[in-house]
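This is what each chain is made of:
2 protein chains.
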Amino acid sequence: MKKVRIGIAGYGNLGRGVELAIKQNDDMELVGVFTRRAPETVKLMTEGVTVYNIDSAKDMQDKIDIMIICGGSATDLPKQTPELAEYFNVIDSFDTHAKIPEHFQNVDKVCKENNHIALISAGWDPGMFSLNRLYAESILSNGKTYTFWGKGVSQGHSDAIRRVDGVKKGIQYTCPVEAAMDAVRSGSQPELTTREKHKRVCYVVAEEGADKEKITDTIKNMKNYFDEYDTTVNFISEEGFDAEHNKMPHGGFVMRSGKTGDGENTHQMIEYSLKLESNPEFTASVLIAYARALSRMRSEGSIGCKTVFDIAPAYLSKLSGEELRATML
Amino acid sequence: MKKVRIGIAGYGNLGRGVELAIKQNDDMELVGVFTRRAPETVKLMTEGVTVYNIDSAKDMQDKIDIMIICGGSATDLPKQTPELAEYFNVIDSFDTHAKIPEHFQNVDKVCKENNHIALISAGWDPGMFSLNRLYAESILSNGKTYTFWGKGVSQGHSDAIRRVDGVKKGIQYTCPVEAAMDAVRSGSQPELTTREKHKRVCYVVAEEGADKEKITDTIKNMKNYFDEYDTTVNFISEEGFDAEHNKMPHGGFVMRSGKTGDGENTHQMIEYSLKLESNPEFTASVLIAYARALSRMRSEGSIGCKTVFDIAPAYLSKLSGEELRATML
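Those protein sequences? They're chains E and V, same order as listed. So for the first sequence, the numbering used here puts the first residue at 117; every next one is plus one. So for the second sequence, the numbering used here puts the first residue at 117; every next one is plus one.
It is worth saying that the hints were derived from the structure and are not from the lab. All clues given are correct.
Copies of the same chain look alike in the list, so a pair counts if it works inside one copy or between any two.
Okay, derived cross-link-like pairs now, DSS-like style, lysine-lysine, Cα gap no bigger than 30 angstroms in a straight line: (1) Lys139 with Lys118; (2) Lys260 with Lys139; (3) Lys267 with Lys313; (4) Lys375 with Lys434; (5) Lys285 with Lys336; (6) Lys375 with Lys139; (7) Lys285 with Lys159.
Using the sequences plus the hints, can you model the full thing?
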């Protein structure tokens, strides 16, 4: 068996997750990690793999089948993915939904000029949640789709809390409102406001002597982040914070409530959910499965930019078509 | 927009479901229904569509893009699908899991000889449940997959009840055991016996003067059907039966509990569930979405037998790639 040779560009939480996911898949091999930091300051978890400066990546073209780009969506990926697509088949987890069409075009152009294949916006949302929206809406054409997120840590909202005066440490959990999910499951197809779908729960360690009432007030009224939600602010000790809030759980629900039959009165409910103890490790596992798919599709001659919508599910599995039909269908 | 011209072979519950699903999709058109019964005895729900004898189907080759075959898996489909694949692109919902490889080969051969495309074993299990097993196992390579069915009517078990002496009417619901599902969700990856996963709940209308204790005993000890399960038999009035048990609900759950990360200690849970008021209407909706996919793939030159594993999700949707990326990713 020829292994898929993987490069990792960017070694934060997601990059480390990809490194760990490669260890779980014996048809994958980590060839190198590429970073903007000084390579000697980066310590990997895999024996015998070298850390390189990102600028030297292009010298490794012949040694890497798929480069998995683990930068951030705000500024890294819009630049890195098209740049690296000149030299490699690439995968990213670009998650700025509104800018996906533009990102797709940029990457597609470079891929086609250089005979490479790319997958953008893989992960769980965009990614597995998108797939479930697509399948459910294609099957139940008369219906309504709902996406709920959580319980999970929002980095953006946690960062916003930490910028408030008097906050030493802070974390924010987005939580779906159970009553709203139950209303959807009932088949009533409710119209739900932002406030009705999710609530925000914050845990804060205050600086000594800080005005807790003022902190609470500032957080709850923060425009674009908290003002449209029911927000709870809990003050806890630093020990408690460090012990209980050091993980990155996330997850959520995609639901479609549809009607079929004579008079369209028959209720049909599709629900997909994820409960993840580690958001980056799960995203990394999705990226690795799609690296397998992309490597096969490229070997069949496919080029250009793809999304999860364009990839036949069988490509994700190590099993052959025969094995899949015999064991999983 | 050129509509996809659909033929329906077999007009039972599933065939009627397909007819109703076509009405919900304006890119689909019902061209004819083909039956083994005397055509004049079959009344459709769609104006202006003709019922034909199944033997005359082959004369309609040029008028039908996809023939959806709605026969039973035991004896109809193993014969009908390869036969009709000589003349048409075909879809079926063949659900005898153990015989799928053989059925696939038979259909694939005929398709390739006649330049047709086929999809076998579409629906929800096999079908959407299979897809979810495949995606989940490809992503979480270290884990355990569980499928639970119900609450739903099992036709085979209901038929078995009705063959018991003294039973006037009977229906059987397969129900997942909540405690078992919760154990799976906890991440403990339990080994579950048949009895621990599902229970069987029967509703029976007894003939006048029948020995109810004997009926209960006979049902509970029926080999292959009930003896390995905890079974409850409820006797109810005929009025109650006719009012409450005249639907064909079904559904179930596909769960994968996986571990990722350093030391593989991070629990990741994927869950997909269906709650269907009508099993045949939902299956029909899946078939229609895949009819759209198949028609596109055939127009791109694809031939041979496929399963849901081989079909890129984008083919199922009426939306273009651009529209999907802008709205659903």
